[in-house]
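Novice: In case you want the letters, here they are:
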Amino acid sequence: MSRPKIGVYWAASCGGCDCSLLEVNEQILDVAAAADIVLWPCAIDTKYDDLRAMRDGEMDLVLFNGAIRTSENREMAQLLRRKTRLLAAYGSCAHTGGVIGLANLSDREELFGTVYGEPDRWPSTETEDEGRSLELPRFLERLTPLSETVKVDYIVPGCPPPREIVSRLFSALLYGELPPPGAVFASDKNLCEECPREREHTRITRIVRVHEAEPDPERCLLDQGYVCMGPATRGGCGAVCPAANMPCTGCAGPTSAIEDQGAAMLNTLASLVGTGEEGEDQLAAEDEILAQVADLMGTFYRFSSACSVLGRNHHERR
Amino acid sequence: MHYPANVIPIRVNCSGRVDAGMVLKALEKGADGVLIGGCHPGDCHYVNGNYKTRRRVTLLRRALCEVGVDPRRVRLEWISASEGARFAHTIEAFTDEIRTLGRSPVAALTGGGDE
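Protein chains in written order, with numbering that gives the first Met the number 0: chain A, 0 to 317; chain L, 0 to 114.
What the hints contain is simulated information worked out from the structure, not anything from laboratory work.
Everything numeric in this text was worked out from a predicted model, so none of it was measured.
Please note that a few of the clues may not be correct.
What the hints assert, rightly or not - Not everything, but these chain A residues come out facing chain L in the computed CB check (under 7 Å): (1) Ser255; (2) Ala256; (3) Ala269; (4) Leu271; (5) Thr274; (6) Glu276; (7) Glu277; (8) Glu285; (9) Val308; (10) His313; (11) Arg316.
What the hints assert, rightly or not - Derived Cβ-Cβ restraints for the label pairs, each shown as a range: (12) L:Val6 with A:Ala243: 47 to 53 Å; (13) L:Arg98 with A:Asp48: 53 to 59 Å; (14) A:Thr201 with L:His39: 23 to 29 Å; (15) A:Asp55 with L:Thr99: 30 to 36 Å; (16) L:Val46 with A:Glu117: 55 to 61 Å; (17) L:Val46 with A:Pro216: 29 to 35 Å; (18) A:Glu199 with L:Ala87: 43 to 49 Å; (19) A:Arg131 with L:Arg98: 52 to 58 Å; (20) L:Asn47 with A:Ala33: 56 to 62 Å; (21) A:Asp280 with L:His44: 17 to 23 Å.
Claimed, not checked - Simulated pairs of lysine to aspartate or glutamate, EDC-like, Cα-Cα distance not exceeding 20 Å: (22) L:Lys24 with A:Glu258; (23) L:Lys28 with A:Glu315; (24) L:Lys28 with A:Asp106.
C-beta atoms are modelled at their ideal positions from N, C-alpha and C, and glycine is treated no differently.
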């Protein structure tokens, strides 16, 4: 590859992914020196028309962060898919829908009602001014990960992707060693494999939430009753959250062996919960422990609800 | 032994083999309800598979409630391998209950973020 042309785009995202690109420190200068950054809305001024004027496949790699929430997000995903040879879902929102995927548990009307109040105060997407009409992007019924709109070549997981992973991606780009499409820039083993904590395989006799008590820094967080998503989550970040005494929240998504991350964690937790004894007389006590798990969707599916059949309100029962 | 013909049996070695993802997959593929038959407490050949699945079903039913699905669509019953009549009767009762609930809303809603 001669001088690669790369782009960075943000759809429905918080901006953290864009910041994470700078966490590689001076390596970003190597990238800027060796590659042409032709698109990066938060850093350089590229017009959509400039993109439309490009040849198909003119860019070599686009890092796409954010989920598909509006018609503009979707249109840009389709445009960028045509204009780049390789497209990466960068960060949790592009990869699995992310935290904002939990918005799918409410309808558009409920969301607008919460944010704007009565329907007469909702924003209009079409405005007439001096005889000219202006159209704003539409808010789609449901938020989706990038891969539901277009084919994705690479996955760069994390919320945001951690420095080591971003750095590995840039190194591959700079040395012309980008992997074949389908690659995931992370481990395919679960997070526990790289977690430094001591696992004792004790039964979980009570569930503890992070604001209730400070965990022992050496022992496995699950052993201590914290719902740590490690068993259902892809490693590759170096278990930075458990190392900082916080349970894993699952931002990297599941390993390739797991289809539904939240369901996998639910299974794991249910298997671990117990009073220490087993039998019919323990069932009520087990139920009491299970009742301590709060906000199941926000816990098991914090980043991946948009990928699950559970990730929307089915309106059968409230 | 007769039981309703609209049931699709899926054989597993132990109710403890049934994980939440399999139940969700069945609902996604169009099942209006999922019945899990496990061995009676104390009778598990694998020691504690039935207790594990019981805890999973407890959590899964709560998750279904959180997303507006009637938890009666997923049921766990203790039915041992020798209880043919109980098996047939349970399926009949479950089918009746699901029929009163109607079609599951889960299967109908797959696909992209339409406007």
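Novice: So, for every hint listed, does it hold in this structure?
Specialist: Here is how each hint holds up against the structure:
{"no.": "1", "hint": "Ser255", "result": "14 Å, violated"}
{"no.": "2", "hint": "Ala256", "result": "11 Å, violated"}
{"no.": "3", "hint": "Ala269", "result": "4 Å, holds"}
{"no.": "4", "hint": "Leu271", "result": "9 Å, violated"}
{"no.": "5", "hint": "Thr274", "result": "11 Å, violated"}
{"no.": "6", "hint": "Glu276", "result": "11 Å, violated"}
{"no.": "7", "hint": "Glu277", "result": "5 Å, holds"}
{"no.": "8", "hint": "Glu285", "result": "6 Å, holds"}
{"no.": "9", "hint": "Val308", "result": "5 Å, holds"}
{"no.": "10", "hint": "His313", "result": "4 Å, holds"}
{"no.": "11", "hint": "Arg316", "result": "5 Å, holds"}
{"no.": "12", "hint": "L:Val6 with A:Ala243: 47 to 53 Å", "result": "50 Å, holds"}
{"no.": "13", "hint": "L:Arg98 with A:Asp48: 53 to 59 Å", "result": "58 Å, holds"}
{"no.": "14", "hint": "A:Thr201 with L:His39: 23 to 29 Å", "result": "28 Å, holds"}
{"no.": "15", "hint": "A:Asp55 with L:Thr99: 30 to 36 Å", "result": "55 Å, violated"}
{"no.": "16", "hint": "L:Val46 with A:Glu117: 55 to 61 Å", "result": "58 Å, holds"}
{"no.": "17", "hint": "L:Val46 with A:Pro216: 29 to 35 Å", "result": "34 Å, holds"}
{"no.": "18", "hint": "A:Glu199 with L:Ala87: 43 to 49 Å", "result": "45 Å, holds"}
{"no.": "19", "hint": "A:Arg131 with L:Arg98: 52 to 58 Å", "result": "57 Å, holds"}
{"no.": "20", "hint": "L:Asn47 with A:Ala33: 56 to 62 Å", "result": "57 Å, holds"}
{"no.": "21", "hint": "A:Asp280 with L:His44: 17 to 23 Å", "result": "21 Å, holds"}
{"no.": "22", "hint": "L:Lys24 with A:Glu258", "result": "10 Å, holds"}
{"no.": "23", "hint": "L:Lys28 with A:Glu315", "result": "18 Å, holds"}
{"no.": "24", "hint": "L:Lys28 with A:Asp106", "result": "23 Å, violated"}
Of the numbered hints stated above, those contradicted by the structure are hints 1, 2, 4, 5, 6, 15 and 24, listed in ascending order.
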